[in-house]
Amino acid sequence: MTAAHSGAQRQVERLLSLLPYLLAHPDSRLADVADLFGVTERQLVRDLNVLWFSGLPGLAMGDYIEVDMEAVEGEGVISVSNADYLARPLRLGTDEALALIVALRTLAAMPGSYDRGAIDRAIAKLERAAGSAAERAADVRVEVDGDAVADVAATVRRALDDKRRLRLSYWVPGRDETTERDVDPMRLALADGRLYLEGWCRRAEAERLFRLDRITAIEVLDVPATVPEQARARDLSAGIFQPSPDDELVTLEVTPSGRWVAEYYPCESVSEQSDGGLAIKLRVSDRRWLRRIALRLGGTGRVVDPPDLAAQVVADAREALAAYGEQPA
Amino acid sequence: MTQAKSERLMNLVICLLVSRGYVPKSRIRQVVGGYGDQRTDAFERMFERDKEELRELGIPIESGSFDPFGDEEPGYRIRRQAFELPEVSLEPDEAAVVGLAARVWQHASLAEATSRAVLKLQAAGVETDTGALAAIEPRVAVEEPAFWPLWEAVRDRRPVTFSYRKNPQGRAGNRRLQPWSVLSWHGRWYVVGHDLGRGEPRMFRLSRIVSDVRPDGEPGSYDVPPPEEVRRAAGALAPPRQTATARVRVRQGSGYGLRRRATGSRGGDDGWDELSVPYSDAGVLAEELAGYGADVVALEPDDVRKRLVERLRGAVGEGAVA
Numbered sequence: 001m002t003a004a005h006s007g008a009q010r011q012v013e014r015l016l017s018l019l020p021y022l023l024a025h026p027d028s029r030l031a032d033v034a035d036l037f038g039v040t041e042r043q044l045v046r047d048l049n050v051l052w053f054s055g056l057p058g059l060a061m062g063d064y065i066e067v068d069m070e071a072v073e074g075e076g077v078i079s080v081s082n083a084d085y086l087a088r089p090l091r092l093g094t095d096e097a098l099a100l101i102v103a104l105r106t107l108a109a110m111p112g113s114y115d116r117g118a119i120d121r122a123i124a125k126l127e128r129a130a131g132s133a134a135e136r137a138a139d140v141r142v143e144v145d146g147d148a149v150a151d152v153a154a155t156v157r158r159a160l161d162d163k164r165r166l167r168l169s170y171w172v173p174g175r176d177e178t179t180e181r182d183v184d185p186m187r188l189a190l191a192d193g194r195l196y197l198e199g200w201c202r203r204a205e206a207e208r209l210f211r212l213d214r215i216t217a218i219e220v221l222d223v224p225a226t227v228p229e230q231a232r233a234r235d236l237s238a239g240i241f242q243p244s245p246d247d248e249l250v251t252l253e254v255t256p257s258g259r260w261v262a263e264y265y266p267c268e269s270v271s272e273q274s275d276g277g278l279a280i281k282l283r284v285s286d287r288r289w290l291r292r293i294a295l296r297l298g299g300t301g302r303v304v305d306p307p308d309l310a311a312q313v314v315a316d317a318r319e320a321l322a323a324y325g326e327q328p329a
Numbered sequence: 001m002t003q004a005k006s007e008r009l010m011n012l013v014i015c016l017l018v019s020r021g022y023v024p025k026s027r028i029r030q031v032v033g034g035y036g037d038q039r040t041d042a043f044e045r046m047f048e049r050d051k052e053e054l055r056e057l058g059i060p061i062e063s064g065s066f067d068p069f070g071d072e073e074p075g076y077r078i079r080r081q082a083f084e085l086p087e088v089s090l091e092p093d094e095a096a097v098v099g100l101a102a103r104v105w106q107h108a109s110l111a112e113a114t115s116r117a118v119l120k121l122q123a124a125g126v127e128t129d130t131g132a133l134a135a136i137e138p139r140v141a142v143e144e145p146a147f148w149p150l151w152e153a154v155r156d157r158r159p160v161t162f163s164y165r166k167n168p169q170g171r172a173g174n175r176r177l178q179p180w181s182v183l184s185w186h187g188r189w190y191v192v193g194h195d196l197g198r199g200e201p202r203m204f205r206l207s208r209i210v211s212d213v214r215p216d217g218e219p220g221s222y223d224v225p226p227p228e229e230v231r232r233a234a235g236a237l238a239p240p241r242q243t244a245t246a247r248v249r250v251r252q253g254s255g256y257g258l259r260r261r262a263t264g265s266r267g268g269d270d271g272w273d274e275l276s277v278p279y280s281d282a283g284v285l286a287e288e289l290a291g292y293g294a295d296v297v298a299l300e301p302d303d304v305r306k307r308l309v310e311r312l313r314g315a316v317g318e319g320a321v322a
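One line per chain: the protein sequences are A and B, in this order. For the first sequence, the positions run 1 to 329 when the working numbering is used. For the second sequence, the positions run 1 to 322 when the working numbering is used.
Worth flagging that the hints you see were computed from the coordinates, not collected in a lab. It should be emphasised that the depicted structure is a prediction, and the values quoted were computed from it without experimental measurement. It is possible that part of the hints are untrue.
Have a look at the derived ranges for each label pair, beta carbon to beta carbon [stated by the list, open to error]:
#	chain 1	residue 1	chain 2	residue 2	range
1	B	Glu56	A	Gly38	49 to 55 Å
2	A	Thr40	B	Ala4	18 to 24 Å
3	A	Arg29	B	Arg214	44 to 50 Å
4	A	Arg42	B	Pro215	38 to 44 Å
5	B	Gly170	A	Tyr265	20 to 26 Å
6	B	Arg266	A	Gly174	25 to 31 Å
7	B	Arg266	A	Ala150	30 to 36 Å
8	B	Ser221	A	Ser79	36 to 42 Å
No farther apart than 25 Å at their CA atoms in a straight line, the calculated lysine to any residue pairs in the SDA-like style are these [as the list claims (entries may be wrong)]:
#	chain 1	residue 1	chain 2	residue 2
9	A	Lys125	A	Ala138
10	B	Lys51	A	Leu59
11	B	Lys25	A	Tyr64
12	A	Lys125	B	Ala111
13	A	Lys125	B	Asp93
14	B	Lys306	A	Gly325
15	A	Lys125	B	Arg49
16	A	Lys281	B	Gly317
17	A	Lys163	A	Ala217
18	B	Lys166	B	Ala111
19	A	Lys163	A	Arg232
20	B	Lys166	B	Asp93
Part of the chain A face toward chain B, derived, beta carbon under 7 Å [unchecked claim]:
#	residue
21	Leu30
22	Ala31
23	Gly93
24	Ala103
25	Val140
26	Gly174
27	Asp176
28	Thr178
29	Glu180
30	Arg234
31	Leu236
32	Leu295
33	Gly299
Virtual Cβ for every residue (Gly too), placed ideally from N, Cα, C.
Full structure from sequences and hints, please.
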């Protein structure tokens with residue numbers, strides 16, 4: 001890993017963007033600039049002090065960068081001059097070009113996110129501006145399942161733009177059912193490489209996430225969307241699956257072949273077993289979901305606790321086996 | 001002290017930017033504030049470190065001289081053209097989408113890199129305002145500690161070595177790789193490259209890398225093949241082609257996951273439908289069908305039926321454990 005930059009390095013990096021910014025935006029407010037650059041006002045004043053002591057080689061009178069420190073301390077407004085040699089920022093570095101261009105390409109792959117034309121044009125301009133720094137941007141890719149859900153995403157986007165309600169048919173695999181919902185759309189989200197509609201479900205009277213590839217039918221209703229004041233967009237940074245501590249705690253034991261459960265679902269605890277298997281504890285809000293997982297695991301896993309759930313799984317399997325004329329002991 | 005050092009670094013940058021031609025070290029020592037009052041060897045060390053730190057920021061400090069006979073003391077310069085961000089003029093919709101892109105990364109280093117990039121654009125006069133785009137939430141998470149060292153290796157074309165646990169039941173083995181590309185699929189990160197141990201392209205899942213990723217060779221020591229070849233190596237991510245069809249009885253009102261991909265469906269009046277379901281692997285299909293419990297009965301082919309029965313018996317608690 002590259003060694004972390006020194007304090008002076010980070011400050012200089014910031015100054016090389018700060019100076020051109022201030023030259024291009026005279027009389028900016030200290031508070032606004034501090035906010036933009038992600039530093040405290042105190043740090044920004046320290047930055048301005050560095051500029052104040054910098055200038056042309058020799059540092060004779062008239063060589064120094066001029067910073068109106070009185071205006072900074074007085075009205076909280078920044079005015080700099082005599083620094084035209086740094087009127088433009090440093091070119092984009094490789095990491096910067098990568099981060100921005102890959103992010104833009106991800107947006108391009110996300111139907112309904114934004115006008116595709118604008119994204120493509122922005123990418124082209126940035127690639128040109130970044131020059132060779134952008135060469136490596138093709139080496140990092142975020143695949144988004146965009147094509148399959150493009151039509152659904154476009155419909156969601158229309159509803160968001162026009163602030164209209166949506167009627168959807170939505171398939172929930174864990175419950176093996178498709179239900180109709182009326183949803184007031186809040187936003188389109190990308191999480192774990194998949195697209196979701198987050199909206200206010202009128203039936204549940206709560207915020208819900210709908211994976212676009214599970215929406216089997218969708219139409220925009222001629223009804224204005226009325227997302228209530230109290231609706232909160234979910235913080236998806238922890239992932240889509242967010243079990244609640246109120247959910248039932250289930251203990252599973254799986255063989256090495258059943259380890260995928262721990263890789264696919266958030267688990268409260270996972271401990272290695274001597275045979276290469278795992279003991280898993282996870283939170284379950286709907287037993288039907290867990291029963292399906294247990295059936296899929298078959299002999300590669302079993303429910304240890306609670307015992308009535310374990311018994312239910314056995315009963316489910318027996319019921320299914322009956323169709324094959326199998327009579328388990 | 002940071003402030004004094006920053007001043008010195010700024011003055012050095014300005015000196016090398018504005019001067020015509022190469023500035024010899026002796027002159028730098030004289031005119032750049034902060035170097036003046038030191039012993040020669042202390043100055044030398046300080047100057048070398050300063051140059052290195054500035055280069056690490058991406059500042060292109062060149063050394064050389066215009067004197068073809070090499071009599072003149074070599075010097076340093078920064079060419080404005082190599083230093084400055086070229087003109088970028090974004091239409092409002094392009095600028096808005098750049099502002100949106102700034103929200104994508106949920107990884108500290110990538111998010112910082114994006115912020116720095118956007119700040120540079122703003123410093124160049126581009127206004128990126130995302131107010132209008134609150135309805136979009138594009139997030140890409142990168143939780144793998146292996147990501148950044150692998151990205152650096154890809155960037156620098158530098159081979160790496162790491163410990164990899166391919167099979168959950170197996171031991172972790174050492175791998176040596178010339179990384180070509182890092183990619184994300186359904187929230188999981190993978191690295192694709194030339195596996196030096198096996199002499200072939202390979203793809204690795206970052207979450208199965210169980211050690212630090214360490215450099216194992218020189219930067220620039222290999223080439224990355226054309227994009228088609230890189231894509232081929234990542235081919236395992238694409239869903240396998242479904243070449244066979246199973247006949248399955250599905251209770252009406254259930255089995256939606258199967259119905260969506262069924263290529264044929266015949267309704268019955270006994271409360272059941274018969275579906276034709278395409279699949280690529282009998283074991284994978286049997287596992288999927290097991291999840292539907294008594295709502296689904298596999299009719300054909302035989303190996304799907306057999307595997308399904310085996311799985312269900314396993315869930316009852318009898319039969320061999322796979």
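So, going through the hints one by one against the coordinates:
Glutamate 56(B) and glycine 38(A) have their C-beta atoms about 20 Å apart, which leaves the hinted 49 to 55 Å range violated. A hinted range of 18 to 24 Å holds for the C-beta pair threonine 40(A) and alanine 4(B), which are about 20 Å apart. At roughly 47 Å, the beta carbons of arginine 29(A) and arginine 214(B) sit within the given window of 44 to 50 Å. In this structure the supplied range 38 to 44 Å holds for arginine 42(A) paired with proline 215(B), their Cβ-Cβ distance being about 39 Å.
Against the hinted window of 20 to 26 Å, the Cβ-Cβ separation of glycine 170(B) and tyrosine 265(A) comes to about 23 Å, which satisfies the hint. Distance hint check for arginine 266(B) and glycine 174(A): the Cβ-Cβ separation is about 27 Å, which falls inside the suggested range of 25 to 31 Å. Distance hint check: the CB atoms of arginine 266(B) and alanine 150(A) are about 31 Å apart, consistent with the given range 30 to 36 Å. Evaluation of the 36 to 42 Å hint for serine 221(B) and serine 79(A) yields a failure: the beta carbon distance comes to about 51 Å.
In summary, the hint linking lysine 125(A) to alanine 138(A) is supported, as the alpha carbons are separated by about 15 Å, within the 25 Å threshold. At most 25 Å may separate the alpha-carbon atoms for a hinted pair to count; lysine 51(B) and leucine 59(A) meet this at roughly 20 Å. A C-alpha spacing of about 22 Å is found between lysine 25(B) and tyrosine 64(A), which places the hinted pair at or below 25 Å, so the restraint holds. Between lysine 125(A) and alanine 111(B) the alpha-carbon distance is near 21 Å, which keeps this suggested pair within the 25 Å criterion.
Restraint check for lysine 125(A) and aspartate 93(B): the C-alpha separation of about 13 Å stays at or below 25 Å, so the hint holds. Restraint check for lysine 306(B) and glycine 325(A): satisfied, since their Cα atoms lie roughly 12 Å apart, inside the 25 Å limit. Simply put, lysine 125(A) and arginine 49(B) have alpha-carbon atoms about 35 Å apart, too far for the 25 Å limit, and the pair is violated. Proximity of lysine 281(A) to glycine 317(B) is assessed by CA-CA distance (about 20 Å); at most 25 Å being required, the pair is judged to hold.
The straight-line distance between the Cα atoms of lysine 163(A) and alanine 217(A) is roughly 19 Å, inside the 25 Å bound, and the hint therefore holds. Pair hint lysine 166(B) plus alanine 111(B) does not hold up; C-alpha atoms about 30 Å apart against a cutoff of 25 Å. The suggested pairing of lysine 163(A) with arginine 232(A) holds, with an alpha-carbon distance near 17 Å, which does not exceed 25 Å. The hinted pair formed by lysine 166(B) and aspartate 93(B) fails the criterion: a straight-line CA distance of about 45 Å is larger than 25 Å.
The closest approach between the C-beta of leucine 30(A) and any C-beta of chain B is roughly 17 Å, which is over the 7 Å cut-off, so the hint fails. Taken as an interface hint, alanine 31(A) does not check out: its beta carbon lies about 16 Å from the nearest beta carbon of chain B, beyond 7 Å. The criterion of a C-beta within 7 Å of any C-beta in chain B is met by glycine 93(A), whose closest approach is roughly 4 Å, and the hint holds. Given hint, alanine 103(A) at the interface with chain B, holds; its Cβ is 4 Å from that chain's nearest Cβ, closer than 7 Å.
Restraint check, valine 140(A) versus chain B: the minimum CB separation of about 5 Å is within 7 Å; hint holds. For the restraint placing glycine 174(A) at the interface with chain B, the shortest Cβ-Cβ distance is roughly 9 Å, beyond the 7 Å limit, so the hint is violated. Using the Cβ-Cβ criterion of 7 Å, the hint placing aspartate 176(A) at the interface with chain B is satisfied: the shortest such distance is roughly 5 Å. A hinted interface residue such as threonine 178(A) counts as satisfied when its beta carbon comes closer than 7 Å to some beta carbon of chain B; here the least separation is about 5 Å, so the hint holds.
Here the hint on glutamate 180(A) is broken, as its CB sits about 13 Å from the closest CB of chain B, past 7 Å. The beta carbon of arginine 234(A) comes no nearer than 9 Å to any beta carbon in chain B, farther than 7 Å, and the hint placing it at the interface is violated. Proximity of leucine 236(A) to chain B holds as hinted, the smallest CB-CB distance being about 6 Å (cut-off 7 Å). The beta carbon of leucine 295(A) is positioned within 7 Å of a beta carbon in chain B (closest approach about 5 Å), and the interface hint is therefore held.
Because the smallest distance between the Cβ of glycine 299(A) and any Cβ of chain B comes to about 2 Å, under 7 Å, the interface hint for this residue holds.
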